[in-house]
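These protein sequences, in sequence, are chains A and B.
In terms of this note's numbering, the first sequence opens at residue 98 and continues consecutively.
In terms of this note's numbering, the second sequence opens at residue 137 and continues consecutively.
If you're looking for bench data, these hints aren't it; they were derived computationally from the structure.
Hints may be right or wrong, so weigh each one.
Said to hold, decoys possible - In the EDC-like style, the derived pairs of lysine to aspartate or glutamate whose C-alpha atoms are separated by at most 16 angstroms in a straight line are:
1) A:Lys168 <-> B:Glu235
2) B:Lys256 <-> B:Asp324
3) A:Lys168 <-> B:Asp193
4) B:Lys257 <-> A:Asp353
5) B:Lys256 <-> A:Asp353
Said to hold, decoys possible - Facing chain A, a subset of chain B residues (Cβ under 7 angstroms, in silico):
6) Ile208
7) Val254
8) Pro320
Beta carbons: idealized from backbone N, C-alpha and C, even for Gly.
Listed below, chain by chain, are the residues.
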Amino acid sequence: MTAVGTKPERLEGWNRPPAIVPDGEGELLEVAMGPHHPSTHGVFRMDVALDGERVIRLKPVFGYLHRNHEKIAEQASYLASMPYTDRLDYFCSLTNNWAYALAVEKLAAQEVPERAQYIRVILAELTRIQNHASSIGFLIQEMGASGTPLMYAFKEREKILDLFESLTGSRMMCNYMRFGGCRVDPSAAWLDATRKVVAGLPGFVDEFEALLSSNEILMARTQGVGILKPHLAVNAGVSGPMLRASGVNYDIRKVDRYGIYDRFKFRVPLGDHGDVYDRYMVRILEMRESIRILEQALPDIPAGSVMDPKAKIRGFRPKPGEAYGRIEAPKGELGFYLVSDGGPNPYRYRVRPPSLINLTVLEDMCLGHNVADVVLIFGSVDIVLGEVDR
Amino acid sequence: MKSVEEIKAAIEAAVPGAGVEFVPNPGPAAEHSLRLAPESAVAVATFLRDDADLAFDFLSNVTGVDWPDKEIAEKVKVIRQVTKTVEGVEQQVEETVEETRKRVEPGCLEAVYHLYSVAKKHGPLVIRMETVNRTDQVELPSLTPVWRAAEFQEREIFDLYGIVFRGHPDLRRLLMWDGFKDHPMRKDYVDPDDYEYEPTAHDQVLKRAGEHRAAEAAKEQGLGT
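Please model the entire structure based on the sequences and the hints provided.
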């Protein structure tokens, strides 16, 4: 690690953070926030230079949870990496599965049956709801509301995790999707239980919003804090709710129309200011849109197989070539880049982690704010360290 | 979106001497790519970003690929003069013999960029660059001044593959610690025997302690006499 205080050379330009000049009174204080700071959701360090309370420099330091996921995947067969993708963003293992399955299906030109497509959409949207609810819960916990909003979110998340457990056998490490379909067919009882949970979700979001959205302390702490301008957000590769909170209309579900997302009616919530409050609000509204998708997808699930009968499980060797598959994961654009040389293992396996790339602009958003706001801005990015460090 | 060949033509019209090469993708995904010459890569990237039709303003994914040196064994037919005894008489006979010859095809490190357009909602366009070899000429131009999204991802490639990006504002290791020597994602990387080893200040501390003790002893001796 670089010693605290060594300042890397700065490249001037519109897409670089502006240099903030200290006011010249007193000394600069250099603080290492993390790696065991409670707000970092894991092991992550920010080397912050402070002028009084004001942040004048912030350098994120990564790698505490690095395990070289990509190297391990290059030494295993294609299917053997599927359970390992669960461990990337361990809040959303089902969307990780889908992104990897999508990339391999693109690489090997595989079909996915209709029923499996519906189940993938249902599971992905349930994942999105529980991720957004708990990320808002964590954000507000960091703001000082100890426990209460987080427990409201976890109460609902628990119901969704119970559904995952009864379908896949595991609450968080689901390992459910396969190349060309899904692992098990959900029973009619499971679909009924899902309908019941989904019927209760709008009430939960209403209650959550009544508790938070017009709360005076929340508004005072988050409005106008951590503003991210749209042109910088696009240039820095920011994706997901963070990009849309800056007012950029870019949702991969709408742009790529992967899976069967072109069949559902839903809107893309956008923010006006790109501050922390907008990121909070976009997540709330996305939960409502996810419920809309679920309400459309659940009634008309077709019967049939969940696995393509032509899909090859043993001796799976895609033809030489490469493919990049991406989906709109709850945290942003999750992509997998695969290069095949015709062997049983991928020659190159790359994860495009949304959490890591969204942190590119962390310094830009924090400069000039108080150190207490850094915790909030960082929380509003919504990262999971398992995915940042891989 | 324009096809990759059309984009290649547009680049060649806008950036003279761009040296762009079309790289086909044989797989079913058929995402063909363009290989940029390192000298003109920044100019081409700026054109791709700023051109009104193409408008590739969103750099999604940057990654490295390692192509190690390949040893190719070829069978070559060689005609040789052989002395043979035919019907009791020694004769010089020409004979065709198969011989295996080995040659080494030099490898390289490759950086692959996936571009999308937020403004036009199209993509992906895959562009790639190659280093000259894997050992001493591993420099490529950084595209971070064009797309900020490459900042951490190029640092990661520098860390794990060892490509040195010229013009990167802050090129340090991203995931491994600074004292680490090798590049773990390379195909010929060998795991260390001792996984737990991390550099500590132990040696320096012992050295300093020794110096301190010697100085203290000298001081005490000085006081005694």
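- Message: Which constraints among the numbered hints does this structure fail? Numbers only, ascending.
- Response: Hints 1, 2, 3, 6 are the ones this structure does not satisfy, whereas the remaining hints hold.
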